Amino acid sequence: MMTVVCPACPPMPMAHDTAHDAAGDVVHLSLPGIHCAACIGGVEGTLGAVPGVRAARVNLGRRRVRIVTAPDLGAAPALAALEAAGYEAHELDDTVQTGGSDDIGRTLLARIAVAGFAMMNVMALSVAVWSGATATTEALFHWISAAIALPALAFAAVPFFSSAAAALRAGRVNMDVPIALAIALACVTSLHETIYSAGADTWFDAALSLTFFLLAGRYLDHRARAVARSAAAELTALEVPRATLLDGTARRTVAVADIAVGDRIALSVGARVPVDGTAESAALLDRSALSGESVPVAIAAGDAVCAGEAVLDAPFVLQATARAQDSTLRRLAALVEIAETGRHRYSGIADRAARLYAPIVHTLAALTFGGWWLATGDVHRAVGIATAVLIITCPCALGLAVPAVTASITGRLFRMGVLLKSDSALERLADVDCVLLDKTGTLTEGTPRLTGLDDAAAGVALALARASSHPVSRAIAAALADHDPAEVTDIRETTGTGVSGRWQGGAVSLGRGADGTELVLGQARFPLEMTESLRPGAADMVAALLRDGFEVRMLTGDRPGAAQALAQRLGIDLVHAGMRPEDKAALVAELGAEGRHVLMIGDGLNDTAALASAHVSLAPASALDAARVAADGVILASDLGTVAQTLRTSRRALRRIRQNLGLAAAYNAVAIPIALAGFATPLAAALAMSLSSVTVVANAVRR
Amino acid sequence: MNILVVLIPVSVFLGAVGLAACIWTLRHGQYEDLEGDAARILLEDDAPEDDANA
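In the order they appear, the protein sequences are chains F and D.
For the first sequence, the positions run 241 to 943 when our numbering is used.
For the second sequence, the positions run 1070 to 1123 when our numbering is used.
Hints may contain errors.
Which residues of chain F face chain D? A partial, calculated answer using Cβ under 10 angstroms [what the hints assert, rightly or not]:
#1 Cys279
#2 Ile280
#3 Arg294
#4 Val298
#5 Leu300
#6 Arg346
#7 Ala364
#8 Ala538
#9 Ile539
Okay, the calculated beta carbon distance ranges per label pair [what the hints assert, rightly or not]:
#10 D:Ile1110 with F:Val910: 19 to 29 angstroms
#11 F:Thr376 with D:Ala1085: 20 to 30 angstroms
#12 F:Asp823 with D:Arg1109: 26 to 36 angstroms
#13 F:Glu520 with D:Ile1110: 34 to 44 angstroms
#14 D:Gln1099 with F:Arg412: 51 to 61 angstroms
#15 F:Ala320 with D:Ile1110: 25 to 35 angstroms
#16 F:Arg294 with D:Gln1099: 32 to 42 angstroms
#17 D:Pro1078 with F:Leu431: 47 to 57 angstroms
#18 F:Val501 with D:Gln1099: 46 to 56 angstroms
Just a few of them, taken from the derived set where beta-carbon distance is under 10 angstroms, the chain D residues facing chain F [to be verified]:
#19 Val1075
#20 Ile1077
#21 Gly1105
The set of hints was computed from the structure by calculation and includes no laboratory data.
This structure is a prediction, so every number in the text was calculated from the model and none was measured.
Just so you know, even glycine gets a beta-carbon here, dropped at the ideal spot from N, CA and C.
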């Protein structure tokens, strides 16, 4: 019937796929913003109109698009077109991401298919046996069942046998040992009954349905993990680590890891400094990722620049003084590693249940065998009943209880724009009672903004600010970069007072006023106060968190004044200002020692240690890759309002998991005594197994 | 009960056909993007028909 190929082997590339691949280069882009059919149509339509793009296929589940382009076209035209059409897009580094194929998942699906179809056939034959077939028909049906079940199990149950074997070799007992034992015993005793027509029950259908349900749980688990893993890989790929190297007069694009000491690196506005170095000309830098300080820092030619800072005003050339792995970025990694060691000790509720389960089942089965043997002296009967106990107690529902909930809830969170990278993050989120928020970059957005200026005034201020190289002027110019400069004539800079000029016939000036910098337009005076703009949803998030009874604290490396002002706007009472990275981690550790479960939300390098040492942590998508790597999850939505909802959802998820474990335990509590007493039949086993699995899954997916 | 000689091969054969179809869909990547395929049904066809037909 089937061709003789292993169904689990990775398939040959599809014919049309190969043709496209041969016809051009393949580029993968990440599209964090897409969510519906219109987005698919929009993205594929936009890309189809780009000259040089030969094919584009969106994968909505993974939020990415695979593009086949003319050779050497690169991703730039596609990125520009998507940007123009309003879709956020990032190039994915091909070395980091795996190209989209998921061999383990495919193998599991193939095993599920084999177990499922074999189960259906054997079940159909078993129904005839249960409803009372004649002895010859029964014997025939047993033989056919064996012929279907044994090869199917030999293929489908491999994961359980190999995992159990690995555990036994290491001298441990895991959840798979009782499973493998049950399947093996069921096969052996059933085959024995079939061959010798000994008259006892055969368990081929039970062994197959057991395998089927357990594989389904395994697959759900794998999917959740694969999504998390590919998301994590994607995040590191989001910032393709490349830099523009100046080689004499030529410009070359190189990988950041290949930059040598003494190389000259050209940096454009908005770029992040890839390695430590010295600036060849004056520049204005955003240091907030490193220090949390929101005010831009002006540096002069020859000043030291640290990796991770961002260029604000004008392109400049950097002379590397350290390689990427020796740069400041890496020094913080040591802090993170120390903090992370504590994290891996967390064991999920599924592990705890499994640890409890395996010994109980083994003891029960052994006791059953011993008891029946002693009582009746009939080894054959004792083995049959012990097998029934093993099969009835097999953790079908237990194996589905946790993955079914995790898969359904992480999917829901992903649609809300929250991506969990770590498997246990969902359970840890449910424990949270205290939320620590970083200020710069998390509660606020990037560069400070100037508020309260109309377009005309902003234009004048920009024109005047651009004429001066004073740090304040340059900060103002950077903050107003998206306005058009007004036509201001006779611009003169007076050292110590500011810049003045003429605009529309009147005198205008930008300079030091009574309280801080001010802009003067004829008679009107505008104080120019740099305020940080709040990220959308920040105020709502804080309000919702406080309403839900969480303790909310703000952490920042910034000055206490700026921090207090912002905290008051948001309604946060507890503010820790002037914190260095070590201080943040220390505060998290201190709260942890008090028994608090801390959720840390931060985006900068200065937050990485705190992110890694917190009970659970989230980073916004705009965060530096180091912070995203350290955090357990990433908030993809630009709106922070999802945080409170995430916490609520995770609590509900934990409740569901507990309910499911309870349901599974209840089924066993009813079934075990029946099996112990020797009344379990294959029919009862089949009913109990399917019912408990379906109940557990239905409980997981209900709203 | 002689009918079993026909019925059992038919049943096993149908099961094998189902399995083969399932493996075929698997090998053609039909489980790669379940969410996307669910959404794609809402899209218009790539080559729209004449407006007169609409």
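Structure-based check of each hint:
Contact between Cys279 (chain F) and chain D, as hinted, is supported at the beta carbon level, the nearest pair being about 8 angstroms apart and thus within 10 angstroms. Residue-level restraint check for Ile280 (chain F) holds (minimum Cβ-Cβ distance to chain D is 6 angstroms; threshold 10 angstroms). Checking Arg294 (chain F) against chain D by beta carbon gives a least distance of about 15 angstroms; that is not within 10 angstroms, so the hint is violated. Given hint, Val298 (chain F) at the interface with chain D, holds; its Cβ is 6 angstroms from that chain's nearest Cβ, closer than 10 angstroms.
Contact between Leu300 (chain F) and chain D, as hinted, is supported at the beta carbon level, the nearest pair being about 3 angstroms apart and thus within 10 angstroms. The beta carbon of Arg346 (chain F) is positioned within 10 angstroms of a beta carbon in chain D (closest approach about 6 angstroms), and the interface hint is therefore held. Because the closest C-beta pair between Ala364 (chain F) and chain D is about 6 angstroms apart, less than 10 angstroms, the hint holds. Given the 10 angstroms rule on beta carbons, the hint for Ala538 (chain F) is violated: about 48 angstroms separates it from the nearest Cβ of chain D.
Because the smallest distance between the Cβ of Ile539 (chain F) and any Cβ of chain D comes to about 47 angstroms, over 10 angstroms, the interface hint for this residue is violated. A hinted range of 19 to 29 angstroms is violated for the C-beta pair Ile1110 (chain D) and Val910 (chain F), which are about 43 angstroms apart. Checked against the given bound of 20 to 30 angstroms, the beta carbons of Thr376 (chain F) and Ala1085 (chain D), roughly 25 angstroms apart, stay inside it. Checking the proposed 26 to 36 angstroms range against Asp823 (chain F) and Arg1109 (chain D) shows it is violated: the Cβ atoms sit about 51 angstroms from each other.
Distance hint check for Glu520 (chain F) and Ile1110 (chain D): the Cβ-Cβ separation is about 57 angstroms, which falls outside the suggested range of 34 to 44 angstroms. The hint said 51 to 61 angstroms for the Cβ distance between Gln1099 (chain D) and Arg412 (chain F), and at roughly 38 angstroms that hint is violated. Taking the beta carbon of each, Ala320 (chain F) and Ile1110 (chain D) are about 30 angstroms apart, inside 25 to 35 angstroms as hinted. Separation of Arg294 (chain F) from Gln1099 (chain D) is about 23 angstroms and departs from the stated range, judged on CB atoms against 32 to 42 angstroms.
Between Pro1078 (chain D) and Leu431 (chain F) the beta carbon distance is about 22 angstroms. The supplied range of 47 to 57 angstroms is therefore violated. Separation of Val501 (chain F) from Gln1099 (chain D) is about 52 angstroms and conforms to the stated range, judged on CB atoms against 46 to 56 angstroms. Taking 10 angstroms as the C-beta contact cut-off toward chain F, the hint placing Val1075 (chain D) at the interface is violated, the least distance being around 14 angstroms. Checking Ile1077 (chain D) against chain F by beta carbon gives a least distance of about 6 angstroms; that is within 10 angstroms, so the hint holds.
For Gly1105 (chain D), the shortest C-beta to C-beta distance to chain F is roughly 3 angstroms, which falls under 10 angstroms, so the interface hint holds.
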